[in-house]
Every structure is written in C-alpha cells, then in structure tokens.
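For reference, each letter of the sequence shown is one residue, going -21 to -1, 1 to 190 in mature numbering (1 follows the signal peptide of the UniProt record, and there is no 0).
Everything labelled a hint here was simulated from the structure, so no lab data went into it. Keep in mind that a hint or two might mislead.
Stated by the list, open to error - Lysine to aspartate or glutamate pairs mimicking DMTMM-like chemistry, simulated, CA-CA at most 25 Å apart:
no.: 1; residue 1: 110; residue 2: 186
no.: 2; residue 1: 110; residue 2: 126
no.: 3; residue 1: 156; residue 2: 108
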Amino acid sequence: MKKSTLALAVTVGVLAQQAGAAGFLEDSKASVSSRTLYFNNDLREGFRASDQRETATGLKFDYTSGFTQGTVGFGLDAQAVMGLHLGGGIQHHTVNTANTVVPTDTDGSSVSDWSRVGANAKMRFSKTELKVGNALAPNLPILVSNDGRLLPQAFEGGILTSKDLDSVTFTAGQLNKSIGRASSNWTDLSVAGATQGSDQFRFAGADWKVT
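Hey, can you work out the whole structure from these sequences and the hints?
Here it is, written out as structure tokens:
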C-alpha cells in the first residue's frame, strides 16, 4: 500500500508540472453531489433477529482532468467522499448494516462521520488509456464497483482500455485492494463467504460490438 501510494504521489507531481499544457485544464470537469439514505430492515424472526435502522448523508466530489498535448497524454482523476450519520442509535446498528451503510465505532454504535480521498493517474496513447490509482470504479462483466448504498466502492490497481480496433474494446488490468461502501479501510479482495482474501486479481478480455 505504501509503495503504491508513493508511486501515485510521484506521478501526480509529474502531472502537476505539465498541468499548464493545453487540454489538461481546458477539458477538466468537477462536480459535487449528495445522497441521503434511510435504511430500515426489521428482521423480527430468526437467529439474527434485529431492527436495523440507519439514516445518513453522503457527499461526493469528483474531478476529471483532460489530457496534456502530445503523442502521449497525461491526466489525473480525483475523488473525495464523506459520510455523515444522522440517526439510528446503537440499538438499531447491527453487523448487517455496518457492512453496507454506516461503519461501527468502538462502542458498537455508528460512527458520526467517515471519509476517504483517492486519485488515478492516467495516460492516453491514440485510443488506448491506462489508469493507475486508488479511485478505480470498474464496470465490467466480471466485476462492478458497488454504488448501491450511501458511498461508492473503490478499488486500487490499474486498468488498461484500448479501442484502437473498430468495434472492439480490449480491457486488461490488475486490482490489489478494495474499500467498501461503509468503510475508510482498505482490505484484500474476496467474494461473499470467502475465508481468505487476495491482493492480486488479474483480468483480460474483449468486447465486440456488432455493427
């Protein structure tokens, strides 16, 4: 994690020196959005009976730069998110909601707030683009970043996408860590019910669009 963070910081520093190049700033976009969620799941029967209630507001800032001019263009994407707990109480905060809505504090209650900041350095050559960082949100047949609660899930790693061939999109990459929708901590990758995690998930594939 420290090595990847340092590498990203060095890359960002290089990009900052080139930020004056036409295209980097002119094509930049920034947006701020918010989302308020009320979660109520009353499990009245069974071994894990509980009354789950959570109310929270999420804030998200997204920045997407353009690319510097030249044969190879460089850019930077960044994202900052913050969650604010509005209500629910310790009696309504359970293990089930802690994993998907609001993180748990040391006393077992919901935390009052949580946040994270991430960025991706990107490089473009022709119609091929490489993104490396800790704010990746893949949307692939094999993996989709989950945005079904308050804050979006994020991944650390690198993804290469190429559209140099007409009607064909090649995708390849490696993911090392993920951060959940209700967390500020990075964890190894795993599927539901897994007993062990992995810090290397490699993938490659192609999509063909019939015209």
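Run through the hints listed earlier and report the numbers of any the structure violates, in increasing order.
none
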